[in-house]
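Please model the entire structure based on the sequences and the hints provided.
Those sequence lines, one after another, are chains X and D.
Heads up: the first sequence at position 263 corresponds to 263 in the numbering used here, and the numbers run straight through without jumps.
Going from the second sequence to the numbering used here is simple: count from 1 and add 1000.
Please keep in mind that the hints were generated in silico from the structure rather than gathered at the bench.
The beta-carbon is built from N, C-alpha and C at its ideal position, and this holds for glycine as well.
There is no bait here: all hints are sound.
Pair by pair, the computed Cβ-Cβ distance ranges are:
(1) Ala-1309(D) x Leu-220(X): 49 to 55 angstroms
(2) Gly-1268(D) x Arg-236(X): 28 to 34 angstroms
(3) Asp-51(X) x Ala-1309(D): 27 to 33 angstroms
(4) Asp-263(X) x Ala-1309(D): 55 to 61 angstroms
(5) Arg-248(X) x Pro-1157(D): 34 to 40 angstroms
(6) Gly-1344(D) x His-213(X): 53 to 59 angstroms
(7) Ala-1141(D) x Arg-236(X): 45 to 51 angstroms
Computed, partial: chain X to chain D, Cβ under 7 angstroms:
(8) Lys-87
(9) Asp-107
(10) Ser-108
(11) Gly-109
(12) Ala-110
(13) His-112
(14) Thr-131
(15) His-132
(16) Pro-200
Just some of the chain D residues that point at chain X, by a computed CB distance under 7 angstroms:
(17) Glu-1191
(18) Ser-1193
(19) Gly-1196
(20) Gly-1199
(21) Leu-1200
(22) Gly-1202
(23) Tyr-1269
(24) Cys-1314
(25) Thr-1315
(26) Ala-1317
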Amino acid sequence: MRHLLSTRDLDRASAIRLLDVAEDMAETADRAVRTLPALRDKTVVNLFFEDSTRTRLSFEAAAKRLSANVITFSAKGSSVSKGESLKDTAQTLLAMGADAIVVRHHDSGAAHRLANAGWIDAAIINAGDGTHEHPTQALLDAFTMRQRRFGSEARGRGLDGLRIVIVGDILHSRVARSNVWLLHLLGAEVHLVAPRTLLPTGVATWPVTVHEHLDDALALEPDAVMMLRIQTERMRDAYFPNPREYGREWGLTHERFARLGPDTMVMHPGPMNRGLEISSSAADSSGSTVLAQVTNGVFIRMAVLYLLVAGADAAISAPGNAASATGVTG
Amino acid sequence: MTSLLIRGAALLGSEPADLRVRDGIIVDRGSLAVEASERVIDAAGLVALPGLVDLHTHLREPGGEASETVLTGTRAAAAGGFTAVHAMANTSPVADTAGVVEQVLRLGERAGYAEVRPVGAVTLGLAGEQLAEIGAMARSAARVRVFSDDGHCVHDPLLMRRALEYVATFDGVVAQHAQEPRLTVGAQMNEGSLSGELGLTGWPAVAEEAIIARDVLLAEHVGARVHICHLSTAGSVDIVRWAKARGIAVTAEVTPHHLLLTEELARGYDARFKVNPPLRRDEDVQALRAALADGTIDIVATDHAPHPAEAKECTWAEAAFGMVGLESALSVVQQAVVDTGLLGWADVARVLSTGPAAIGRLAGYANPLAVGTAANLTLVDPSHRRTWSVDDLRGRSTNTPYRDRELPGRVVATVFRGVPTVIDGAVVDPDIVAAAHLEVRRG
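Shown next, in the form of structure tokens:
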């Protein structure tokens, strides 16, 4: 694996390997010295054309825990906002010696373009591109589900047989797309719920079951319910009439949450609109994985950086050996 | 006196023969002996087509000279076998006055590679609010007969009705860019499974089809003719077929790229494949080919849309719509509909020369390659194959979708008003072309 652009590019073995390496990374979190030397003398650039504090901080933390030099580059106020092109920006970063570029961009396909246009020779990690994909978010979601379901027995496992319901603005959600491909790859049964206006054309060809009414999907007793953020400006474009109606029809209200089984995970990629797509009782419940998702994001990003940047030898080491390969000792 | 002998070309509808061109006119046809001081072009094994006519070219001048000029665009046209091009109105300033269309006309005459017929804007500044001075453009030296806001749809139905009526007063035609604007807000590629997967805003087929349906009914209602630019969907074909069967005066064009390429090319986010209207599904491509073969679609038009490199070396969303197409048009048509057995070379002459000339009211193409007519012709080697590269381009921009793709056919020679503009596949120097035109005019 040279880049991480899309969860569609992963095969099952490499996806499970990533999750397993993230387990190794998670184990290092409780140690006195949490920093690993794996990416010493490597430079990781966070190239953010779009604001995203939580994703940027997560990648920064991950790279620093691996001892990489980290450059964070925000498009706002930079030469990019003065009209410099993606190509020129990429080549400038290459000239600075970037080994990996974590790119967040408002346009779908931006990471793909950086990786394949021949402008730059560095590992590209997609940190969210337009309405296309957000692969590390899907990986951290899958990691969180696996950990919560299987605990210390998680290593080497997929998500076979888990029933996962994703609710909300599927049309504009890069998180949903990445999750659909990854969760299916890992053996989960994926259900999507949204009004027809917020479902992508061609969703019938995806490896999912589509529902228009949330209660129908919740009646299936899912193992996890993932609520997506709703942007109220979608109302203006007539995707739905108003927040009140949206919340009533597709929100995880207190009443709906109360009907869920005791072990059902409640997930949200954040930031949440409490009272719109998710009630506070659901968001703050013991079933909520929202904060665990944030924590696990760092481990997943460490795993991705480690596997992409540490080199071919590291990338072919057996699952579970990441800690030793990075120089971590008990 | 200038004299040119073209020997042994395969002439459509007859045995191979020689053509003698004198002072810009075809003066003899048959088995001819070489005369003293006569220039000879050996055309054995080549197909002689009437000079190609493009109804839809973006020459960008005035205002967009970084992308193309009238000189570089017509040089590209000559390389592609064209002897006439209709230059679209979306220049800066917009071609919405007699002054601008005459400027473009003069630039074309000075370049000498092809007849440049300016297209006039339908509405002032392409703004879709007020009719442009259509009469002044029609009566100018440029004799404008095709009016289009191409790049913009004449969306207001009342304005479109008035435009159809008013343009008809001057024997003109409205060439409509059929794109319902509200249904294509932010649209980036064909709407379908792939757009959903790639996270690119979809461009639904109905956005094109709804406008075509409306406009053929308006054309019928007011008794005017309407031309539909760059059809791209099977549904559009159905509507045009229905309208023609009903007797409505509608003509339609398809681009070479919509006859060959599909939306799958968007998968790599390579902006060379971003075009308006977008590349569609394979089913659409097959329907467009069949419609060209059965006459539902009248002509092929290039929609040659040059852009500088920086307009394409960016993300898909940021990139400009459009691709260059003059140099590659004939090869793409050959691959899509000739080599597949759908069209013969006589049909190619119809869809790429006499058909567009008729729609644009361009004189001199009604009885092509006949004795006594202007010597506008193209010699093609259909057996040639090549891997397409930017070296095959003669315009100013390189945004071709065919780079590294194998294409058949080669334009060996182009003759415009008796003057060779392309010889042995190479474009003739503009000074030599200008001097030759002068000699032809002196007789």
